[in-house]
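**Q** Each chain is listed here by its residues.
2 protein chains.
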Amino acid sequence: MSLVVIGTVAFDAIETPFGKTDKIVGGAATYASLAASYFYDKVKIVAVVGDDFPAFEIEELNNHYINTEGLQVKAGQKSFFWAGRYHNDMNSRDTLVTELNVLADFDPIIPESYQDCEYLMLGNLTPQIQQTVIERLHKRPKLIVMDTMNFWMDIAMDDLLKTISMVDVLTINDAEARQLSGEYSLVKAAKKILAMGPKYLIIKKGEHGALLFSDDLIFSAPALPLADVFDPTGAGDTFAGGFIGYLAKVGTVNFNNMKNAIIYGSALASFCVEKFGTERLKSLTEDDVKARIQQFVRLSSFVIE
Amino acid sequence: MSLVVIGTVAFDAIETPFGKTDKIVGGAATYASLAASYFYDKVKIVAVVGDDFPAFEIEELNNHYINTEGLQVKAGQKSFFWAGRYHNDMNSRDTLVTELNVLADFDPIIPESYQDCEYLMLGNLTPQIQQTVIERLHKRPKLIVMDTMNFWMDIAMDDLLKTISMVDVLTINDAEARQLSGEYSLVKAAKKILAMGPKYLIIKKGEHGALLFSDDLIFSAPALPLADVFDPTGAGDTFAGGFIGYLAKVGTVNFNNMKNAIIYGSALASFCVEKFGTERLKSLTEDDVKARIQQFVRLSSFVIE
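So the protein lines, in turn, are chains E and Y.
If you use the UniProt record's numbering, the first sequence corresponds to residues 1 to 305, in order.
If you use the UniProt record's numbering, the second sequence corresponds to residues 1 to 305, in order.
If you are wondering where the hints come from, they were derived from the structure by calculation, not from laboratory data.
Quantities reported herein were computed from a predicted structural model and do not represent experimental measurements.
There could be a bad hint or two in this list.
One copy or two, it doesn't matter: identical chains are merged, so the pair holds either way.
[As the list claims (entries may be wrong)] Simulated crosslink set (DSS-like; lysine-lysine; CA at most 30 Å straight-line): (1) 20 x 142; (2) 188 x 282; (3) 20 x 139; (4) 42 x 78; (5) 205 x 192; (6) 74 x 191; (7) 142 x 275; (8) 191 x 290; (9) 162 x 23; (10) 290 x 139; (11) 188 x 259; (12) 139 x 42; (13) 188 x 205; (14) 205 x 275; (15) 290 x 259; (16) 191 x 205; (17) 74 x 188; (18) 74 x 290; (19) 249 x 282.
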């Protein structure tokens with residue numbers, strides 16, 4: 001049994017009001033697998049990098065018990081590279097550079113050892129590639145979580161809808177939920193999106209937390225109010241990774257466990273933004289996570305007789 | 001012992017994507033006192049109207065056990081009138097008409113029978129008038145809650161800061177908290193605003209709920225996701241009225257009771273927006289409120305062992 005994470009493993013160069021980085025390691029699969037690794041020790045990556053990608057960064061993943069057999073290293077090619085600059089509000093950003101490089105013709109290879117996949121995290125990528133991964137698994141996983149973004153709604157809506165129809169959980173932000181459904185009310189948006197196939201919809205609202213929808217049930221999770229958001233890059237991927245990692249750990253998929261999974265995902269995301277890139281995510285202890293979860297409990301609990 | 005509410009009692013004409021109204025009754029004190037009346041039966045209003053204000057609307061307040069001895073009716077003058085149009089997102093609106101009328105020289109009169117005031121709700125008004133009300137009470141109330149808005153930050157910051165320094169709880173929205181403090185992070189904004197005097201700060205975030213800050217404590221309250229927001233007018237006043245009405249009922253002011261008070265205020269606000277103006281707020285039953293509170297509990301509760 002395992003948790004397979006597909007997504008980008010890449011270089012980012014990030015500018016925020018707090019500073020800027022050179023090329024550092026990022027990518028949806030990097031963040032999501034690191035986050036999941038805090039809860040589950042059978043995390044396996046499917047991704048592609050060029051031979052410019054440092055071997056010690058792959059080792060770093062292995063040190064978190066992340067299996068990288070499905071991480072293709074393309075000789076003579078360069079890794080995906082994204083550069084961006086966050087505005088002062090940290091909620092909006094400009095993309096400065098996007099170099100697809102190895103991602104341009106990414107053909108995901110699923111090693112035989114990954115065929116025990118029970119939990120599948122489809123990190124943000126071309127919906128066509130996400131779909132291919134589902135198809136290349138001999139047995140449908142018990143739970144498929146899909147992250148995506150407005151970019152694919154703009155240029156590949158048909159493919160996107162097809163892939164969405166194949167998954168159990170979709171995670172998108174509030175603007176994307178509105179775009180995908182054509183509804184302003186998130187309640188109406190959720191109803192329409194759930195009718196597209198997924199049994200669960202998670203709407204990520206950044207500093208306002210997240211909403212989980214399924215049938216007529218709704219759960220509203222808070223975000224931890226932070227004095228400083230140092231670098232928001234990867235927060236959504238970290239959230240998704242923590243979410244599915246927690247579910248893989250508890251092993252039972254239901255609404256109540258999903259609620260807790262969202263709290264765990266949110267807790268990891270709150271660490272992620274404290275430093276540039278994956279730095280904070282690489283150095284967490286079990287006690288760090290426990291203490292942060294207790295902060296979430298204190299933050300949102302109330303007792304009405 | 002009583003709860004005194006000061007604010008506007010007025011006419012509104014409202015346009016939303018769902019329709020439009022002629023002049024209907026509105027005003028901060030109207031919404032807040034109606035909301036408070038669901039929890040506490042000694043609510044007393046301080047406000048001013050013209051003789052164009054219908055007597056049966058005053059009776060309607062009395063029917064909710066709201067004392068209107070402090071509601072001045074100015075012969076030969078007209079009531080405050082506001083007309084506005086909400087945009088499709090219901091979060092932004094254009095003011096079409098503002099006629100101050102009787103409000104232009106409002107001099108609040110505190111009847112002797114109001115001097116037992118233990119809880120004081122300062123609805124949104126000129127900070128100078130809010131301050132006058134505090135000064136005209138012989139004994140400082142046990143709890144003073146103040147609502148205000150960006151308008152006073154733009155044109156009367158000195159008066160505003162003086163009044164803020166005299167109250168226990170300030171309620172503003174997130175944009176206003178940022179404007180008042182000059183800080184983008186709400187955690188930093190809260191720290192600065194609490195240093196201005198209030199022991200508690202409530203940041204209202206509309207569809208994203210509310211945050212309560214006091215010392216180093218934070219509580220994050222959800223908003224109920226709604227399929228339709230019919231008319232958001234008065235939601236903030238309703239929230240504040242429900243909040244202080246609940247606290248007056250329980251009689252003890254502390255962080256835990258404030259958390260519940262925010263849930264009760266949010267519940268009443270969620271009713272308010274279901275119909276135009278005060279319509280829904282006038283017809284609630286105790287069971288309606290109980291059921292809605294249970295929705296809030298289900299919405300945000302999770303159990304982590």
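**Q** Hints broken by the structure, by number, lowest first?
**A** Numbers 1, 3, 6, 7, 9, 10, 17 and 18, in rising order.
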